[in-house]
Structure formats: structure tokens, C-alpha cells
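Protein chains in written order, with my numbering: chain A, 1 to 247; chain B, 1 to 262.
I should point out that these hints are in silico values taken from the structure, not numbers from a laboratory. Certain hints may be false.
Below, in silico cross-link-like pairs of lysine-lysine (BS3-like), each with a Cα-Cα straight-line distance of 27 Å or less [stated by the list, open to error]:
hint	chain 1	residue 1	chain 2	residue 2
1	B	K159	B	K123
2	A	K224	B	K166
3	B	K159	B	K245
4	A	K224	B	K212
5	B	K123	B	K209
6	B	K230	A	K109
7	B	K207	B	K63
8	B	K62	B	K217
9	B	K244	A	K224
10	A	K134	B	K207
11	B	K166	A	K134
12	B	K217	A	K234
13	B	K62	A	K224
14	A	K66	A	K77
15	B	K123	A	K234
16	B	K211	A	K93
17	B	K26	A	K234
18	B	K207	A	K93
19	B	K62	A	K134
20	B	K42	B	K244
21	B	K211	B	K123
22	B	K211	B	K63
23	B	K217	A	K134
Label pairs and their calculated CB-CB ranges [said to hold, decoys possible]:
hint	chain 1	residue 1	chain 2	residue 2	range
24	A	A158	B	K212	19 to 25 Å
25	B	V232	A	G230	19 to 25 Å
26	A	I185	B	Q241	27 to 33 Å
27	A	Q186	B	R28	51 to 57 Å
28	A	L214	B	S66	17 to 23 Å
29	A	K110	B	K42	35 to 41 Å
30	B	K63	A	G230	41 to 47 Å
31	A	N238	B	D224	17 to 23 Å
If you're wondering where the values come from, they're calculated on a predicted model, not measured in any experiment. Every residue gets a Cβ at the ideal spot worked out from N, C-alpha and C, and that includes glycine.
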Amino acid sequence: MNFLKLSRFCFFPLTSYTRNSFRSLTTLLCVDHTDGRVNESTSHTLAASLNIGGSVVCLVAGENVKNVNLVAQSISKFAGVSEVLVATSALYKYPLVEPITDLIVSLQKKYVFSHICMSASSFGKTLIPRVAGKLDVAPITEIVGVESPETFIRTIFASNAISTVTSNDFLKLFTVRSTAFTTAIQLNNSAPIQLIESVNHFQVSEWMSHTLSLSERPELSSAKIVISGGRGLKSGENFAMLYSLAA
Amino acid sequence: TKLQTITVMSRRILVGCKRVIDYAVKIRVKPDKTGVVTDGVKHSMNPFDEIALEEAIRLKEKKIASEILVVSCGPTQCQETLRTALAMGADRGIHVEVPYPEYEGLQPLAVARILQRLSEREKVDIVILGKQAIDDDANQTGQILSGMLDWPIGTFASKVEVVEDKVNVTREVDDGIENIRINIPCVITADLRLNEPRYATLPNIMKAKKKKLDVCKPGDLGVDITPRLKVVSVVEPPVRQAGKKVEDVASLFAALKKEGHF
């Protein structure tokens, strides 16, 4: 039986809880994936989502059926994932936020999630607040901590201050700073994978090209070790020491 | 004789200019943990908004845009920010008045709603905003606005090129550079490398005094600015541990290994 349907029948004892407590907590996590692989940022975002305490439903949208299914299979193994929704369409071939916004808005109408999130990747940072605009909800961006289903921690003033905020909106929309959370664990889970319909979308944007910045070094947010230099190095030539250390 | 047709696109651009604590100021967290000290602290236009405005002015110089409208939401001092924008080259300013203490609760969702109403009322074609404000570091307003207007968006723009009724936006993304093409009307958010903003010259500062600056309230636009997010606390980050100096790379590895880092 679909877990989401089951959760609506859960009995909550009558107390003076706030309205939020009567609803079951379900987070929709939009998966960052590349070429059939789940991006590392998604794993950390899943860990953050599990801190909310409810069930987590993962959304995988893409065009290549084989790759999308590989991603779905992979994410379904993570502990805490209750269901995987898969949408395959030419609309989702490229990382354009406009078609996916419409998809998520439609899913929200159907499933009424309590939380929707994505990693604070370039895509997630662009998508989540746009969805918030459509749903008239205040997004909470780049969280570094979860205190409760309503309360989140984020940095301000270039991390010179830390702010804790509470949202009383019916839906919480947030992005996750991956480096602030551990990775979720892949266990012997096998969450059900459900194929869903793509949503009609009138194209207003077009993906043209992508130039990868080629480096033998890992990308910053997924690097295991980060070294940096500053004024202590005293001159441009001394930065060579950093490069030889990194090698 | 050959008839030369000069097509002047009469695009109207709206640019948001937020007044923020100056980037060079070392901020202090209030002891009561309610926020950051702003009284008597130097403020200036959000650097990303200056870049957004500079791009709009360049589009006007290229005759792609015919009018630049600058908007700032906040207390009376925002008019100084707007005057700077007008001195740089904007045509008209709108100050959406939000006095203290309400201003402390003004959040991106409400600002986006204000900009939506203004964009519709003023028949704006392109909205250019800074990618984020250097105080809240939210990185939301442009995206929220594009959702409210149902317009496409190009965030983290490092290059903007208007071609007929579309905009080619080059974006800085996690693993490199991405090129997208979005329909006008659209929203663009400016990243650091988009351009280097000009300084307002003294003659332009004087000329700007004659430019139009209208004042209105959020209520006039039918916008409720009640904050959705409640700030529970604002604290300083944990104190950084002092670093240790080692003699050479071998000692560094030994120290890292000893502390169990690998």
C-alpha cells in the first residue's frame, strides 16, 4: 500500500499541539543526478531531510530512460527513502528550472508534502525559490542545520553570523548546503519506484551549451580535503607550494 | 537611395537596489541575539545590485533598452541608494517605503511580490537583480519573482546578450559555464563577473537630482509584508581554533595523521 496514503490515516492523540503536528511529515527531495549517477550533494541533502523526522519521497526527473532508472534504483537503496517518483520526458533533458517548477507544483497539489527540498547546487538554488514564488511560500536557503520540522539554521553576512529561523508556512521549501551534513547511508532498502506523468509546459527557456571547467582536482563541494592559502604565503610564487601539496 | 531602418528596441528594465551594510564593515552581532548592529553603521548599495544596474545601463547605451527603472524597499535612507542609481544612469526611481521597525521583518518573498506588482504596472520587459544581498545571503528574490510572474530566469549571469526577443545568458554554475536562451520578458540575476560597475561622476550626481523619484507604500501595491519566517536567534559562529605551524610538508602529514584526519 502506498505509504503516503497510509500516513493520512495515522491517529494523533488530541493535545494542544500546533496545527503542524496533526499532519504527517513528508519531504519531497528533488534528486541531483548526472549521467545515471546520484550526485554526492543529494546524499547529504537526504541526511538533512531525515533530520526532519518524516518520510522522504525522492523525485528523479530526466530524459534518458536508462539513466533515470539507474538513478532511481540507486536512490531507492538509501535508508529512509520511502518512495521514488520517476518522471521521464524530453522536457527534463536539460537542467532548466521552468519545466521542473511546473512538475513540482503539480506534485504538491496531488501529494501535499510538508517539505520540499533540494541540495544548494546551482540548479537547486535556482529551482526551489522559483517553486516558492509559485506557491507563495517563504523559502529557506542553504540550511546548515535542522532544529525541528519548522526551524532551520542558516548563515548570513558571509558566514559571519548564524541565523535560526522558524517557518509557520504550510509548506517548507528549502535548499541544503551539502558540506554541513554527513552523507546518508545506502542499506538494504528498496523503496518502491513509481513512474509519474510529466506535466505540460510551454517552453520559455532553451539550453544551449555547457563548458565544464576541466580540472584534475575535485569540485569544491564534493572534495574530501580542501587546502587554501592567503596572505601568509606572502607572494604569488609561493602558491606553488600549495599546488605541490595538493598533488 | 538606400533606406536605412534603425530599429530601436523600447525595452523597459527594472533593477532592484538594496541598501545593505557596506561590504567592508566588520559586523557585530547584538548581545540580545536578535540580529546584527545596523545603527550608525555605513551602508551602501548591494554590490551585486550595482553590477545588475551597470548591465542595464550598458543595454541602454547599446539602444537595446530605452528606460531603466530602479526600485528600493525600506526606510527613507533608501532614497540615497536610489539617487546613486540615478546618478549612475537609471532614468526613474521608485522608493517603496517600509519604515523601522517593520523593515526588520521585510523578507525576499514580500520584496518579490512588490517587484511583481511594479513589473506588471510599469510593463517591464526585463528585471535584473543582484544574485544575492550581502546581508541575508538569501539568493532568492529573483527566482521567487520569476515564479510569481511565470517568466523564465537566468541566474548567476556572467554575460547577457539580447538577441531580438530572447536573451542569451551565460551562467556560472557548479562545474563550469552554462549557456541558456530565455524568452523576454525574463528575470536575470547578476553574478560578480558580469561587469565592473562605473562610478557616478559629479556632473551625473547633479543631473540625477532632477530625475523622478516616486514614493509609495507596499499597501498601495496590495502587498502584505508580514514576515513568514521568524528569526529565533542570530549568533556569532563558533570561535575558530588557533592554527598550528609546522616546519615542512612531512610534519604536516604527520600532524594530520596523528589527529586522525586520515
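For each hint, the structure was consulted:
1. K159/B with K123/B: Satisfied, since the Cα-Cα distance of roughly 24 Å is no more than 27 Å.
2. K224/A with K166/B: violated (41 Å)
3. K159/B with K245/B: Distance of about 42 Å is beyond 27 Å: violated.
4. K224/A with K212/B: This hinted pair is violated, its Cα atoms lying about 54 Å apart.
5. K123/B with K209/B: Holds, at about 25 Å.
6. K230/B with K109/A: holds (26 Å)
7. K207/B with K63/B: holds (21 Å)
8. K62/B with K217/B: violated (34 Å)
9. K244/B with K224/A: Cα-Cα ~21 Å, so holds.
10. K134/A with K207/B: At roughly 40 Å apart (the allowed maximum being 27 Å), K207/B and K134/A break the hint.
11. K166/B with K134/A: Holds, at roughly 23 Å.
12. K217/B with K234/A: violated (52 Å)
13. K62/B with K224/A: violated (46 Å)
14. K66/A with K77/A: holds (17 Å)
15. K123/B with K234/A: violated (53 Å)
16. K211/B with K93/A: violated (47 Å)
17. K26/B with K234/A: holds (24 Å)
18. K207/B with K93/A: violated (50 Å)
19. K62/B with K134/A: Violated, because 34 Å separates the two Cα atoms, which is more than 27 Å.
20. K42/B with K244/B: violated (35 Å)
21. K211/B with K123/B: holds (20 Å)
22. K211/B with K63/B: holds (20 Å)
23. K217/B with K134/A: holds (23 Å)
24. A158/A with K212/B: 19 to 25 Å: Given a distance of about 35 Å, which is not inside 19 to 25 Å, the answer is violated.
25. V232/B with G230/A: 19 to 25 Å: Violated, at about 34 Å.
26. I185/A with Q241/B: 27 to 33 Å: holds (29 Å)
27. Q186/A with R28/B: 51 to 57 Å: Given about 45 Å between the Cβ atoms, the range is violated.
28. L214/A with S66/B: 17 to 23 Å: violated (42 Å)
29. K110/A with K42/B: 35 to 41 Å: violated (50 Å)
30. K63/B with G230/A: 41 to 47 Å: holds (44 Å)
31. N238/A with D224/B: 17 to 23 Å: violated (56 Å)
The structure does not agree with the numbered hints 2, 3, 4, 8, 10, 12, 13, 15, 16, 18, 19, 20, 24, 25, 27, 28, 29, 31 stated previously, though it agrees with the rest.
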